[in-house]
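Input sequences plus hints: build the corresponding full structure.
In the order they appear, the protein sequences are chains C and B. Numbering-wise, my numbering puts 256 at position 256 of the first sequence, and it's gapless, one number per residue. Numbering-wise, my numbering puts 250 at position 250 of the second sequence, and it's gapless, one number per residue.
Honestly, the hints are just simulated from the structure, not real lab data.
For identical chains, the list gives no copy identity; a pair is met inside one copy or between any two copies.
Cut-off 30 angstroms, straight-line C-alpha distance, at most; resulting in silico cross-link-like pairs (DSSO-like, lysine-lysine): (1) K282 with K217; (2) K207 with K299; (3) K282 with K299; (4) K207 with K282; (5) K217 with K299.
There are 2 protein chains.
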Amino acid sequence: MSTSRLDVAVVGSIGLDTIETPHHRREEILGGSASFACVAASFFSRVGMVGIVGTDFPAACTDLFNHFSIDLKGLQVAEGMTFRWSGVYEANMDNRETLSTDLNVFADFLPDVPAEYRGAPFVFLANISPDLQLHVLDQIESPRFVAADTMDLWINVARDSLQSVIQRVDMLMMNESEARHYTGVHNLVQAAHQLLEDGPAYVLIKKGEHGSILFSKDEMFVLPAFPLREVTDPTGAGDSFAGGFIGALADAGEVTPETLRTALVCGNILASFGVEAFSLEKFHLLERLQIDERISAFKEMTQIP
Amino acid sequence: MSTSRLDVAVVGSIGLDTIETPHHRREEILGGSASFACVAASFFSRVGMVGIVGTDFPAACTDLFNHFSIDLKGLQVAEGMTFRWSGVYEANMDNRETLSTDLNVFADFLPDVPAEYRGAPFVFLANISPDLQLHVLDQIESPRFVAADTMDLWINVARDSLQSVIQRVDMLMMNESEARHYTGVHNLVQAAHQLLEDGPAYVLIKKGEHGSILFSKDEMFVLPAFPLREVTDPTGAGDSFAGGFIGALADAGEVTPETLRTALVCGNILASFGVEAFSLEKFHLLERLQIDERISAFKEMTQIP
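Okay, structure coming up:
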């Protein structure tokens, strides 16, 4: 794989998660926003990862990234421990509680975007400190489309930097509660339009199992989630969604109302696969045919005569 | 209007509501499941109402029903007070608390279905005691399609009768929490399929602002809600949805996967109008053209390329 043809650059966290759901507990499994996003994107395009792990990062995890042909030139390996997160999901999996967050090598991370990534036409700034997102963005030459995700924490502790991110990206992704928290507006249509005022051409409001809504100044695209019989672990769903989206958009090559919608459906479907297993396990054996079949099924079940 | 051509018979409550939202308080406004359902259905077909009010029922409310050409031969007027309900919505309108419920004339109601309604091809058993729903159903000759709604209360106090209703209808409508409560199953796909086991060919799970999902044994139809900039009063949304649905289905005349989907979209749109004002106020000046325009807009914003 020639890195000169990198389609998507992703920066975000790579970590080891310990997760407790009502029926299972898994320790030190591969997680992090960049892990999910890169793997999901890799089904559609050539992805490079910008992030950091410690010297304890398991070789099996690196092997997994390689399995998906993810370019790892942007993945720093630093002396110390890899980022760790642990959390427990409530009985119905609608809410989760963070038990611990250990930044470890992320504490002193300064992302250095490899020369080969700097011309990447599509960029996804996955959830990570907005200062790091900005630092990455500064190193990308002239991206065609930049999407950014964030989380509640940054709204609380780095609002100004987050606002700078919002002003510089083409698409901001936020979940319902983050959009309400950031804007102080409960109604999602109003909140999204307030976010659009800050600069991005597109705001995507994610509603978890209830789907998502894409807003631009003139349009909405309302996308329900793919209904699942069983959700094993919702961790990373938003990252898989975003990764599938940016990967498919890069594959389309141009940004139009149609390619955006098609790419969002891809992200939606990747997220639906992702939550059917822990970590990236569902993706490991997933084939493009299964993705296409679920996309077809989804189109059929949302088709209005 | 000749009553011999009645398309839809609806039984349910008619009452006077006192409602407090974060910004408004309205006293003794027209409400009740049958009121919303009949008015919404009346945009698409000829509707007859089965219910009861007291001698205090305001003439203006009867005038409103007449304005929508709703057949009122099935509306009993009994000595005593009309049903009353009062509730208060929480700050974000996601939850409400019932402050009082006064059955009044509903306490001794025994619905008598007028001879002219007994051949109605489409029937909606709006939220009311399942024993009364069964009593109405017994009086309908050979309906083509019967839909029933219910509420948490009946799951608690009249589960056996509710099960009989479920066994006898073509479509059961429940909101998320009711479906979970009745089945004891959290996952909505599994809960819906368990409900299908009880007999109805269709189960509609209503998710409020997040839309709804229609289940049959072989199919799903996933329908997001129409995103609104402002919700004034969510009371009656499910009833307007059901009424718009059954009215549009009756207008189509036959029950196919296509007519069901089209009718659900109509219900969805009627509900979206209904919550933009208190009581039935939004419907008063609503014209068919506005409904058609919003349906077109909805199709556009959900269209997958």
